[in-house]
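J.: Listed here are the chains, written in short residue letters.
2 protein chains.
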Amino acid sequence: MKLYVSDIELTQYRNFSNIHLELTPGLSIISGNNGEGKTNLLESLYLISIGKSFRARNDFELIRHRSSDQVNKFVPQTTIHGVTKFDDEKNNIVIALPFDNNQSKEIKLNGIHISASQLVGKTPTVLFTAHDMDIVLGSPGKRRQFLDILISQVNQEYLIKLQKYQQILTQRNSLLKAIRDHQSSEDELIYWNTELIELGKFIINKREDIIKLIHREVQKIHSEFSPTEKLSFQYIPSVSIENFEETLNSTLRQQIVMGITDIGPHRDNVLIHINEISAYSFSSRGQAKNIVLSLRLSEAKIIQSTINVQPILLLDDILSELDEFRRKKIIEKMHVYNQSIVTTPEPDLIDATYANNIIHLKNGEIIKQ
Amino acid sequence: MKLYVSDIELTQYRNFSNIHLELTPGLSIISGNNGEGKTNLLESLYLISIGKSFRARNDFELIRHRSSDQVNKFVPQTTIHGVTKFDDEKNNIVIALPFDNNQSKEIKLNGIHISASQLVGKTPTVLFTAHDMDIVLGSPGKRRQFLDILISQVNQEYLIKLQKYQQILTQRNSLLKAIRDHQSSEDELIYWNTELIELGKFIINKREDIIKLIHREVQKIHSEFSPTEKLSFQYIPSVSIENFEETLNSTLRQQIVMGITDIGPHRDNVLIHINEISAYSFSSRGQAKNIVLSLRLSEAKIIQSTINVQPILLLDDILSELDEFRRKKIIEKMHVYNQSIVTTPEPDLIDATYANNIIHLKNGEIIKQ
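Chains A and B are the protein sequences, given in the same order.
Residues 13 to 381 (the working numbering) are what the first sequence spells out, left to right.
Residues 13 to 381 (the working numbering) are what the second sequence spells out, left to right.
Hint data in this document are derived by calculation from the structure and do not stem from the laboratory.
Don't take each hint at face value.
It does not matter which identical chain is meant; a pair holds if it fits inside one copy or across any two.
What the hints assert, rightly or not - Lysine to aspartate or glutamate pairs mimicking EDC-like chemistry, simulated, CA-CA at most 20 Å apart:
1) 85 with 336
2) 380 with 335
3) 341 with 360
4) 154 with 198
5) 374 with 336
6) 154 with 101
7) 117 with 210
8) 313 with 101
9) 64 with 220
10) 340 with 358
11) 340 with 360
12) 102 with 193
13) 341 with 358
14) 374 with 335
15) 313 with 229
16) 64 with 288
17) 242 with 358
18) 313 with 200
19) 64 with 99
20) 64 with 358
21) 313 with 358
22) 120 with 199
23) 120 with 236
24) 154 with 199
25) 97 with 360
Since we're looking at a predicted model, the values are computed, not measured.
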């Protein structure tokens, strides 16, 4: 079953006044000079997938900027309208941004108002952006976040339990401080410990499972791009399931002094190695980009095998910083996905025979080739 | 007067067992696939300039990794040896890393032991790396840091006063908390206020001066790369020199409640705009990269006009993410510097007629073309 975006129309969105783009399945290339809106267009495709931007700090950044002489003139509402096709099924997704800050955006699926969370899952996508390099080069929190988002996509219970865990953790830390300041007694910890351990064990367990899946998929994919690199993923829980309760009790003094629960899944790490050398400390930007791409493609594979739909790939400037061998491999690989959309400032680097759609952006207009 | 690096020899450094590279003035290209050590080589050139790495968290990351079967075998000491030439003057700079963690690295200039701070200034360089994007896309602290490092390079008094200001600020904040907790009286603030205001005014003043210089230089340079973009820099001090004392006094209640000095140069910002639109919120990665490059070239210009030596440019993967027009402009511009060294995974993108040295890295070896 093939899912793809067939149309996107943008009105008063980012740098675009009004554009309409038709797409077919297969590989689409969005090219254009710096600042012509390549990432803006990709962002709009992500918006119709999950109802929010991957980079705007608030929805108002999505509204097209007006110069001072335009402020009092009429402008249409900022709207993102996408059409997706999935066998015989066709979905119209419209996101309309309000004119003033007091209102919130409207999302409609086939004419019916829905919430952003109801939109999620209608058009599964996997996104790569430059920020993803943090999964390799950033703090452990970035790697935990990657795991958590991936597990949540295939297991809705996980997200609910993870949020619950965070609440319990906050409560328990407040209580630790109160015990330290002699305002509460240690007996009160019993309830919070039980909850923390139960939820924590669930989270560790699911993370162990997904790491096994990722490890298996990612090695295969990565070896295609980098035949001499053996990539490995190792989950390092701050405490094992078996020892969670015991360690929580045995380090209680220290926790009270610090007022912090310093063990549990919120302190987990994932170690990424290339040929047994730490990718965090020693990989170059190009190597890190390659690792993240392999991870994102594993993510697509895992989602596909769970929900039986191949996600749409949205890849923002994946080719830059990579060498010619890896660039060619990526394009060959993108070509076989139902739909993959790649931005690049350098379309000449791509073998055009693989591309079903080549879109060039200039001065806020689309030039389709 | 022309300064340049003529030789660099690396022993047991990063991914290199032993390489020796000769360079001539003009543009040098370091090419190679991802993970072949392009950035490592550039890092070594920066090391002989200021005695520390721009990315290693500690010096031991610089030591070549040994596989498990090599651990007990003899290996030479990790050494970076650079030769710089400046008219008739020739400098030999050797940095040797210790074998074990308890010792620190040795720096020798023409055979004589010196400290890292004595090395600074012998070989002025301007470096561009991918992390520099934070100057545009990151928090205000990143922009303050850029200003502070630039001013310190041309004014040694500035760094000393800035460090003093930080100490005074920490002391004053402790005192504010003590006043809040009724452990100190407000009288004690008088001394700290006087110091804070005097140092703060000095810092604001120097930042105002440098912003004027940057603004003038950067507009000229940026318009060459991006003729349709008008780049502007605006210094936004959290408080003006004239109102510093008055505002510090009038907001004292609030400061005591929070236990924090919330005005002063440590809260300054710099706004960067392209055609009156915030670069922080709206610039693409390509645009941000272009802005930072313009900034770094302005930095080189400002240093040159102050110390009368043109710095060496070290540019790590500056070309990726940029479009063809901008790439060509950059190479044309690099060509006229005394010495500029550019890494790239894609040497075909560079017009080879501009390059005086083309170095290709493969399997830890140098292939000079």
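J.: State for each hint whether it applies.
T.: How the hints compare with the structure:
1. 85 with 336: Cα proximity of residue 85 and residue 336: none, with 49 Å in one copy and 37 Å across.
2. 380 with 335: Only across copies: residue 380 and residue 335 sit 18 Å apart there, 27 Å inside one copy, limit 20 Å.
3. 341 with 360: For residue 341 and residue 360, both the intra-copy (15 Å) and inter-copy (18 Å) Cα distances are at most 20 Å.
4. 154 with 198: Neither: 33 Å inside a chain and 44 Å across chains, both beyond 20 Å.
5. 374 with 336: between (26 Å within a copy, 14 Å between copies)
6. 154 with 101: For residue 154 and residue 101, the Cα distance exceeds 20 Å both inside one copy (36 Å) and across copies (49 Å).
7. 117 with 210: Close neither inside one copy (38 Å) nor across copies (49 Å); limit 20 Å.
8. 313 with 101: neither (23 Å within a copy, 61 Å between copies)
9. 64 with 220: neither (29 Å within a copy, 39 Å between copies)
10. 340 with 358: both (14 Å within a copy, 13 Å between copies)
11. 340 with 360: For residue 340 and residue 360, both the intra-copy (12 Å) and inter-copy (15 Å) Cα distances are at most 20 Å.
12. 102 with 193: neither (61 Å within a copy, 65 Å between copies)
13. 341 with 358: This pair counts as both: shortest intra-copy Cα distance 16 Å, inter-copy 15 Å.
14. 374 with 335: For residue 374 and residue 335, only the inter-copy Cα distance (12 Å) is at most 20 Å; the intra-copy one is 27 Å.
15. 313 with 229: within (8 Å within a copy, 50 Å between copies)
16. 64 with 288: neither (38 Å within a copy, 26 Å between copies)
17. 242 with 358: Neither way: residue 242 and residue 358 sit 30 Å apart in one copy and 24 Å across, limit 20 Å.
18. 313 with 200: Classified as neither; 45 Å inside a copy, 65 Å across copies.
19. 64 with 99: neither (26 Å within a copy, 59 Å between copies)
20. 64 with 358: Classified as neither: same-chain Cα gap 28 Å, cross-chain 35 Å, threshold 20 Å.
21. 313 with 358: neither (28 Å within a copy, 30 Å between copies)
22. 120 with 199: neither (51 Å within a copy, 62 Å between copies)
23. 120 with 236: neither (41 Å within a copy, 45 Å between copies)
24. 154 with 199: Neither, since 35 Å and 46 Å both go past 20 Å.
25. 97 with 360: neither (30 Å within a copy, 40 Å between copies)
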